[in-house]
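Residue numbers (my numbering), protein chains in the order written: chain A, 1 to 452; chain B, 1 to 452; chain C, 1 to 452; chain D, 1 to 452.
A couple of the hints might just be wrong.
[As the list claims (entries may be wrong)] FRET-style restraints, in silico, Cβ to Cβ: (1) C/Ala-357 <-> A/Gln-447: 46 to 52 Å; (2) B/Thr-143 <-> A/Glu-216: 55 to 61 Å; (3) A/Ala-66 <-> C/Glu-212: 55 to 61 Å; (4) A/Glu-216 <-> D/Thr-379: 28 to 34 Å; (5) A/Ala-66 <-> D/Arg-391: 26 to 32 Å; (6) C/Thr-49 <-> B/Thr-143: 25 to 31 Å; (7) A/Gly-44 <-> D/Asp-412: 37 to 43 Å; (8) B/Thr-402 <-> D/Glu-399: 29 to 35 Å; (9) A/Ala-270 <-> C/Asp-412: 24 to 30 Å; (10) B/Ala-182 <-> A/Thr-354: 55 to 61 Å.
To be clear, the hints were calculated from the coordinates, so they are not data collected in a lab. Backbone N, C-alpha and C fix where the C-beta goes; we use that ideal spot for every residue, glycine too.
There are 4 protein chains.
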Amino acid sequence: MTSSLLFGPLFEAPEIAEIFSDQGHLQGMLDFETALARAEHRVGIVPETALAPIAAAAEAGKFDLAALGAGAASAGNTAIPMVKALTALVAATDPEAARWVHWGATSQDAMDTGLVLQLQAALPLLEADLRRLAQALATLAETHIATPMVGRTWLQHAVPITFGLKAANWLASVLDARDRLAEAGRRALQLQFGGAAGTLASLGAQGLAVAEALAEELSLALPDSPWHSRRERLVDLGAALALLTGTLGKLARDLSLLMQTDVGEAFEPAGAGKGGSSTMPHKRNPVGAAVALSAASRMPGLVASLFAAQAQEHERGLGGWHAEWETLPLMLRLASGSLHHMTEAMSGLEVDPTRMAENLGRTNGLILAEAASMALGATLGREAAHRLVERASKRAVAEEMTLHAVLAADPDVSAALDAESLARALRPDHYLGMAEAFTRRVLARHQASTPD
Amino acid sequence: MTSSLLFGPLFEAPEIAEIFSDQGHLQGMLDFETALARAEHRVGIVPETALAPIAAAAEAGKFDLAALGAGAASAGNTAIPMVKALTALVAATDPEAARWVHWGATSQDAMDTGLVLQLQAALPLLEADLRRLAQALATLAETHIATPMVGRTWLQHAVPITFGLKAANWLASVLDARDRLAEAGRRALQLQFGGAAGTLASLGAQGLAVAEALAEELSLALPDSPWHSRRERLVDLGAALALLTGTLGKLARDLSLLMQTDVGEAFEPAGAGKGGSSTMPHKRNPVGAAVALSAASRMPGLVASLFAAQAQEHERGLGGWHAEWETLPLMLRLASGSLHHMTEAMSGLEVDPTRMAENLGRTNGLILAEAASMALGATLGREAAHRLVERASKRAVAEEMTLHAVLAADPDVSAALDAESLARALRPDHYLGMAEAFTRRVLARHQASTPD
Amino acid sequence: MTSSLLFGPLFEAPEIAEIFSDQGHLQGMLDFETALARAEHRVGIVPETALAPIAAAAEAGKFDLAALGAGAASAGNTAIPMVKALTALVAATDPEAARWVHWGATSQDAMDTGLVLQLQAALPLLEADLRRLAQALATLAETHIATPMVGRTWLQHAVPITFGLKAANWLASVLDARDRLAEAGRRALQLQFGGAAGTLASLGAQGLAVAEALAEELSLALPDSPWHSRRERLVDLGAALALLTGTLGKLARDLSLLMQTDVGEAFEPAGAGKGGSSTMPHKRNPVGAAVALSAASRMPGLVASLFAAQAQEHERGLGGWHAEWETLPLMLRLASGSLHHMTEAMSGLEVDPTRMAENLGRTNGLILAEAASMALGATLGREAAHRLVERASKRAVAEEMTLHAVLAADPDVSAALDAESLARALRPDHYLGMAEAFTRRVLARHQASTPD
Amino acid sequence: MTSSLLFGPLFEAPEIAEIFSDQGHLQGMLDFETALARAEHRVGIVPETALAPIAAAAEAGKFDLAALGAGAASAGNTAIPMVKALTALVAATDPEAARWVHWGATSQDAMDTGLVLQLQAALPLLEADLRRLAQALATLAETHIATPMVGRTWLQHAVPITFGLKAANWLASVLDARDRLAEAGRRALQLQFGGAAGTLASLGAQGLAVAEALAEELSLALPDSPWHSRRERLVDLGAALALLTGTLGKLARDLSLLMQTDVGEAFEPAGAGKGGSSTMPHKRNPVGAAVALSAASRMPGLVASLFAAQAQEHERGLGGWHAEWETLPLMLRLASGSLHHMTEAMSGLEVDPTRMAENLGRTNGLILAEAASMALGATLGREAAHRLVERASKRAVAEEMTLHAVLAADPDVSAALDAESLARALRPDHYLGMAEAFTRRVLARHQASTPD
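Next up, chain A with everything else stripped away, as it sits in the complex:
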């Protein structure tokens, strides 16, 4: 399928959508065909005179997409009608040149290499967005390295953290996903060229020489052997895309939770009409987070389809290969859209440190119960301190007092800790542990991974 005019702009980055359009698919195959002619000329098979006519014909804009689609419906793939139409186009100007179109190749060679060429164009665009996103997160981490906020576990207030650490953790995940995508992408950019059953027998003794020249023409790696029914590297690329989208889903989940009216600590940037409601003028819907979460929701199933399609029969399978055709492009499009939205959201994120501070106070100081436990535990032992603070916490809840007030009034506490130490132990910004150190470690990794 191709991008929807209605949903595409919401769900996909436009440049990526264009690469994976019908035109883009066709052009990928056509680029394979012209490079094949050039490579076969270098090896001495195709005459020089054939090159220009083939190159001139091999432009997607010259083809009737609907006619190719009808041809694909009966041939079972898009390469067969493409080769026929290309041959006819070439023959119209140079019948002799037309003899050499697609020489020695099989339809899967054109389709697989065409896909790889689309990936070759698309991956740098994703990488560029990933760089922007990482930079935006690094800036948030630096800026808020000392901004205390509620740390939440199981959706409950736990202990204080900083917003800088939260951003640094997002960044660490993005760096991991970026590394994975780069590796998987590098490995996937390999030529497919094997002929009918992967022996290149159609080229006699010249098969390998043509393959080498062709890989060079297209700036692709030459695999040890054709991979018509060995799909590891494409599936692995799909997994890297799913991992990235999952990571972005984590960012979006956190963002949507922070944007809750009940929390209100950070917001996607407002735009004209962005996320507005038709009947509730005060609402500010997390549109970017919704897109990223929907992509994260769709990707696991899509990547499962790729894994499920791995067991392709013999030298070239049926069904499994066909299942990839629309799935992997869709995954690139969805990943690009999620990435686009999260990059925009994090680049313009509106952070509300005041609300963060207010929310830290919402439990009457109970969020520092562990701090009190640890401070008392040094003297009383972990379990005794834990029991004491548990009792105090219950009293604080029951009598609507602050934990500080309850503890200060408790003689067991006074015996173990003087008033000043107790007060210090109960300040959020004094119970941040390694938050800054962890943040700096992640920032250093980001710095190291970013060329000047």
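Chain A is fixed; fit chains B, C and D onto it per the hints.
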């Protein structure tokens, strides 16, 4: 996404693809809006004069899809820009009427009901194809009720069956899947109408009355309450589509195995150029089976996305709902394509009973080892007979004799079974058990489920 | 796999886990074998004297599970070593009876029917829990039919609803999922009995008669033909379990969001140590919601495995069938655990209407912006009213005033609405629309579905 | 869940199953606790006297698993009851030492690091099996580098290949999957240690120092920051396992197809009773292939669960994390079983070159249609040659002649190619193209990747 010009004709039935095009999505929502105005007029909210201008404007062809897509990218859904554009269109001819567009509804009401209206149009088309497929299978079962062939388990020759029974089993599965789809479809055809958070508060005391009138206008069921974040019935419909596609995948798997050059017992009908290879003129690729298997390979992941999206937050969620928008339509399109190909394949199936008979003989009669075991077991007991036949089978393999010859020469066998009984026991068409009875039972169910 | 001693009690209901233990699997197959002997006796094949010895031996406790496992590792399924061991056990007391063990059946007959017998035992237990859960939700819906709370869409405050309506919507989903499970369960409870390749040829002319007697013995439906490689009904049951678990995941998602420290409107019942944290004594972790959400997270992938396994080869497949063996039981166990936790949570739910009321006031009345829009819209038209309220909302936010105060001070408002009407329009309990009506409709459905 | 006594031996490698048993899970956490005490002693927190009592108590065999399970059911994870029980065990001998158990850690630290320690033990075992499998495939590729067989595409005979090339392609896939697993494994072996919300605040200024010492104690990498809700590396490991299992599924699919009675070109090694049928003594079921295919069928859904669980809330999530607990161990167990079976199958593979040669002849030479096309194409041009051969192929089929005979009798052919050249062009072993070259390239990669 929408249908690819290149892949759509191969993977999807054209009528279904059209219903789930961008135009189809938009028209579904517009049909909701016009029906809403009519319903609100019946209840006394919207003046009669507003109806014609709204109806006149509510034609998908009058809208700029790209502009709506741009609007959706910032609003977060397609209904918000649709309502704006519709209001503007109406206002151009009748500003007073424009006041009443979308009165009291929320964007999800338009999108969900619009989808349900698309389903209302699509499901009967699937049902019609299912009827044709079932009829084709019933005909095969009848025709070949006495055609012996190899029964294969674990891809090994096991015991004889009939091709009629194989077709009957395919039919039984198709009938099951058809029943499930009919039930799920019936339940899914329900109105969505709840306003901002499912209370219809925007309509004061008239909410339920409008809802009743609206359901009537659209020939949809009225649910007990709005289902903005309760997606059971849509997910269940998705599951029924996946089940159908899985069933068709089973048919396609069998067909692709029967079409193997090494087996050659049944073939998809040949068409001009259908399944031809560009370099191997003798090949006959199972194109229909490939499409059905690819759909069966993609569906489990797609339906998993629907199940995964069920946990939608509170009154209307984010991410989960968005994940459905493109997924369910894609499932309908893929199911329709698979169904189309299998209907065509089974309607024109070329069966080769001669080859079936030849293949029955390929193991030198070992395929009747169980028959021999059972015949001897009546006298010798199961285990003794089993051991005796196992020994004979090994000898038949080692000495390249038929099982019949080995057994006939074995005095233990002669003691238990006379020569004529042995010969009879080793005829494939004498070891078919209930094949005919089971076939007739399935045919009777088909008969009963088919109105005249 | 079987239940973990460590994780099982958290993730699974114990009775269901027991049914799907190794012992339960073995006993299911053994029950098939004894019933088969009885059925074959009724038809005149097996002598009466063989029945008691077979029945006496067919107790799971008498078998060495590890030895059977070793046998399965080489035979490729558990029925083959079970039949051998059962035959040996019978032979030890009655060699003549041992001849008749498993007469005419194939290993898949024993395994499939054994599984169906486990389902026959398990489904009523799920149904009973579903009834309790539905009752708990109905009670919540009744009790809180007039308890106003914030309606949340996109995780933003939208308009008021009642907690009764929220509970009613949960109930409506549970009723849908219960209906689906009941239907799918009913259809799945069918005998498997086909012999080597589904013809029952091993029983000569008596196959169907034995099958009928056997179905009767086991209180199972007799299918039109064996279903060795037609898995629709089992897969459909899996889908119904996934749907139920998805529904419970929706309940759990809402519950976990309501339990947020930042929201605090409803809580799972507290138990001794339930959900406690080892270091944060004040925390109250949503343990039940976590279990239900984890099941909802695991199920889509598990049901996808079942759908993916549908395309089983010919008369009995390889790989696909094997993929079901551990998957479907695991799904029943996970569904049971999720159901158990949600039943417990909803039966003892602690609701805090005071906090609900407080949260309604958190936006300074902006949650009633739509109410104001609708009230003004009747006079001013939808778009004008919308713009006016949008402007007022912005001012309310900017100047930290209530929406009421801003609107009351706006002459455009006063011109359209008198002060009393404005005040009334801005009360949450006056903007609940059909909340009560919808709640009552769902309760009526529950009532109708519940026998006295 | 843990291994089934009945199914485990079939589906899982026993050493891996043991590592991921209940005992193994518990011991992983206990090893974390003892290492934590040692690390905190090195930093000066825990007194030396506490080390021995903690180490002595931290043996899984000393714990009551069922009691821990009951504790987990109410606490919501297994670490909380483990810490309680461990503290009690230590206290029984040394109450002072008991104070220091789990000091400063959170339950997720113990569970995550425990899991990583299980992975640390398991991955080398998988790597060793992968090495054996690769060696077996390399041997097959070498041995059969010149064994011609049918190349099959779309399950149709296409052109000749060698069995050596087929084995080399299997090998290339296995090497890819092995590389991916090694990388993902290396990255996943990292310490988890962050305390309640990932700041290690409980350890004051010593958090990082303890973390460094702890990573060293356990030979694990120290991450830049804790990864409680950043699951990329575990999910990525899951993806690498799914990729491996998919690759093994491809091997198994091919093997099961080659083992078909109708093909009979290669077989899993026979063992005593291995793959035997209870009623068909001649059958030889592909048990190993069935296991590998069932794992390949289950894994896509399982890995989808991991991807779906990535969006974990804030500092520590609920539901998503819980969904990993049983899923990742199950994936390791299934991957190990599939690997075990394919290693055994490929190490003892029975190859039948005679049958391969026979099958090459089954199409009366049509398998060399492309060879004829290419030979004629050099003179006549691709399309003319293609048409000529297509016509000849049809005649060969219609008149049951060999392609050779038809072509030899065709004057257009004689004009383009002399009789000897025609005969040579139609020998399978003369139309193998780069089969040997590709095989050698893959073998060279294997050689290079294998230390002496």
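Item to check | Outcome for the supplied range 46 to 52 Å, where the beta carbon pair is C/Ala-357 and A/Gln-447 | outcome: Given a distance of about 50 Å, which is inside 46 to 52 Å, the answer is holds.
Checklist entry - Honestly, do A/Ala-66 and C/Glu-212 meet the 55 to 61 Å range at C-beta? => result holds (57 Å)
Item to check | Whether the CB-CB distance between B/Thr-402 and D/Glu-399 falls inside 29 to 35 Å | outcome: holds (31 Å)
Checklist entry - Taking 55 to 61 Å as the hint, is the beta-carbon distance of B/Ala-182 and A/Thr-354 inside that range? => result Because 58 Å falls inside the window, the suggested range holds.
Checklist entry - Is 55 to 61 Å a correct range for the gap between the Cβ atoms of B/Thr-143 and A/Glu-216? => result The hinted range 55 to 61 Å holds for B/Thr-143 and A/Glu-216, with Cβ atoms some 58 Å apart.
Checklist entry - Is it true that the C-beta distance of A/Glu-216 to D/Thr-379 lies inside 28 to 34 Å, as the hint says? => result Given range 28 to 34 Å: holds, Cβ gap about 30 Å.
Item to check | Verdict for A/Gly-44, D/Asp-412 (Cβ pair) under range 37 to 43 Å | outcome: The hinted range 37 to 43 Å is violated for A/Gly-44 and D/Asp-412, with Cβ atoms some 27 Å apart.
Checklist entry - Okay, C/Thr-49 versus B/Thr-143 on CB: inside 25 to 31 Å? => result Taking Cβ atoms as reference, C/Thr-49 and B/Thr-143 lie about 46 Å apart, which means the hint is violated.
Checklist entry - Range hint 26 to 32 Å: satisfied by the CB atoms of A/Ala-66 and D/Arg-391? => result Cβ of A/Ala-66 to Cβ of D/Arg-391: about 31 Å, so the range 26 to 32 Å holds.
Checklist entry - Do A/Ala-270 and C/Asp-412 keep their Cβ atoms within the hinted range of 24 to 30 Å? => result Distance hint for A/Ala-270, C/Asp-412 holds at roughly 25 Å.
Going down the numbered hints, you'll see the structure goes against 6 and 7, while the others check out.
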